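There are 2 protein chains.
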Amino acid sequence: MGIFKRLESFATGDSAPLAAVLEDLRWNADGLLPAISQQFDSGEVLMMAWMNRAALEETLSTGRVCFWSRSRQALWRKGESSGQVQRLKELRFDCDGDTILLKVDQTGPACHTGRRDCFFNRVEGDRLVVDREPLIDPAELYRQ
Amino acid sequence: MGIFKRLESFATGDSAPLAAVLEDLRWNADGLLPAISQQFDSGEVLMMAWMNRAALEETLSTGRVCFWSRSRQALWRKGESSGQVQRLKELRFDCDGDTILLKVDQTGPACHTGRRDCFFNRVEGDRLVVDREPLIDPAELYRQ
Chain Z
1 MGIFKRLESF
11 ATGDSAPLAA
21 VLEDLRWNAD
31 GLLPAISQQF
41 DSGEVLMMAW
51 MNRAALEETL
61 STGRVCFWSR
71 SRQALWRKGE
81 SSGQVQRLKE
91 LRFDCDGDTI
101 LLKVDQTGPA
111 CHTGRRDCFF
121 NRVEGDRLVV
131 DREPLIDPAE
141 LYRQ
Chain X
1001 MGIFKRLESF
1011 ATGDSAPLAA
1021 VLEDLRWNAD
1031 GLLPAISQQF
1041 DSGEVLMMAW
1051 MNRAALEETL
1061 STGRVCFWSR
1071 SRQALWRKGE
1081 SSGQVQRLKE
1091 LRFDCDGDTI
1101 LLKVDQTGPA
1111 CHTGRRDCFF
1121 NRVEGDRLVV
1131 DREPLIDPAE
1141 LYRQ
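First to last, the sequence lines map onto chains Z and X. Here our numbering is used: the first residue of the first sequence is 1, the next is one more, and so on. Here our numbering is used: the first residue of the second sequence is 1001, the next is one more, and so on.
In isolation and in its complexed conformation, chain Z is listed as follows (with noise of 0.2 angstroms):
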């Protein structure tokens, strides 16, 4: 039986070494699992992105956010560019061990548009609504 599913039946406070976790993460065919970002004071969804090992790995050890950027194919530790990092406060898994959460505190905005969270988009019947400002321009944002 797979280490998650052993963790289901444990009690609250119980627990297993990380290490043989990290070997049992359900990886897809590209190595990578979804990551979600929610802002751990306010409880915000910020964004969702990817993360290989490496970038999992290296985000438990420096408490500094680092995805895979799936388009670079390469670590991407969030604000490099932009001065916008994600410290790490605390970080799950979920059930059956194919997804992230990650509870974080985020400096300024988390989406590359300059908004505070990349959820910007509404659905309202039958229209998609832009309901939120930029807190920076984007210009400004990636020019530092």
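A portion of the hints provided could be inaccurate.
Said to hold, decoys possible - Some residues of chain X that are not near chain Z, with every Cβ distance over 12 angstroms (derived):
#	residue
1	Asn1028
2	Gly1031
3	Trp1050
4	Ala1054
5	Arg1072
6	Arg1077
7	Gly1083
8	Val1085
9	Arg1087
10	Asp1105
11	Arg1143
To be verified - If the Cβ cut is set under 7 angstroms, some of the chain Z residues that face chain X in the computed set are:
#	residue
12	Thr12
13	Ser15
14	Ala16
15	Leu32
16	Ile36
17	Phe40
18	Trp50
19	Arg53
20	Arg70
21	Val85
22	Lys89
23	Thr99
24	Gly108
25	Cys111
26	Phe119
Stated by the list, open to error - To be clear about the criterion: a stretch of chain X counts as covered by chain Z if any three or more of its residues have a C-beta under 8 angstroms from a C-beta of chain Z, and this derived list gives those stretches:
#	segment
27	1011 to 1023
28	1059 to 1067
Since the hints were derived computationally from the structure, they do not count as laboratory data. Just so it is clear, the structure is predicted and the values come from calculations on it, not from any experiment. C-beta atoms are modelled at their ideal positions from N, C-alpha and C, and glycine is treated no differently.
Dock chain X against chain Z, hints included.
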């Protein structure tokens, strides 16, 4: 230019037709998008699952969340066997049209383990700790 690229520079309150947006979503190779369920009032991230276009359209038209089950290869009307449904309060797409955020009202536990949410495994140093109690015994949940 794709519609999501154009939405980036829309002013707050501007909108695009949903029909065109649905054509421009960035489905993965299996025709799926990740969908994050968040409890609308408390902000808890409950779970992440997948939607194909049929699941998304059904969710929007019925107001009851429907995913695509990758294991069963079938539409999965959340709560169809457990009774623990998700009522849709709001549906959002992210900046590049490849992730869905569902604000929902979750009846009881979202997780098949009987816990409120699926993210009950928290990293603590070199251990993974279970830190949530089931609300309901899963044997109860799937008997009805």
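Hint check:
1. Asn1028: 9 angstroms, violated
2. Gly1031: 15 angstroms, holds
3. Trp1050: 10 angstroms, violated
4. Ala1054: The assertion about X:Ala1054 holds, with a minimum of 16 angstroms to chain Z.
5. Arg1072: Correct as stated: the minimum Cβ-Cβ distance to chain Z is 14 angstroms, above 12 angstroms.
6. Arg1077: 19 angstroms, holds
7. Gly1083: 18 angstroms, holds
8. Val1085: Holds: least Cβ distance 19 angstroms, greater than 12 angstroms.
9. Arg1087: Answer for X:Arg1087: holds, closest chain Z Cβ roughly 15 angstroms.
10. Asp1105: Holds, since 15 angstroms exceeds 12 angstroms.
11. Arg1143: 17 angstroms, holds
12. Thr12: 5 angstroms, holds
13. Ser15: Hint holds; Z:Ser15 Cβ to chain X Cβ min 4 angstroms, cut 7 angstroms.
14. Ala16: Constraint on Z:Ala16 satisfied, holds at 5 angstroms.
15. Leu32: 11 angstroms, violated
16. Ile36: With a minimum Cβ separation of about 6 angstroms from chain X (threshold 7 angstroms), the hint on Z:Ile36 holds.
17. Phe40: This interface hint is violated because 11 angstroms lies over the 7 angstroms limit.
18. Trp50: 10 angstroms, violated
19. Arg53: Cβ of Z:Arg53 sits 14 angstroms from chain X, so the hint is violated.
20. Arg70: With a minimum Cβ separation of about 10 angstroms from chain X (threshold 7 angstroms), the hint on Z:Arg70 is violated.
21. Val85: 19 angstroms, violated
22. Lys89: Result: violated, 11 angstroms to nearest chain X Cβ.
23. Thr99: The hint holds - Z:Thr99 has a Cβ within 7 angstroms of chain X, the shortest such distance being about 5 angstroms.
24. Gly108: 15 angstroms, violated
25. Cys111: 6 angstroms, holds
26. Phe119: Cβ of Z:Phe119 sits 4 angstroms from chain X, so the hint holds.
27. 1011 to 1023: holds (count 10)
28. 1059 to 1067: The restraint on the segment 1059 to 1067 of chain X is violated, since only 1 of its residues have a Cβ under 8 angstroms from chain Z and three are required.
Checked against the numbered hints given earlier, this structure breaks hints 1, 3, 15, 17, 18, 19, 20, 21, 22, 24 and 28; the rest are met.
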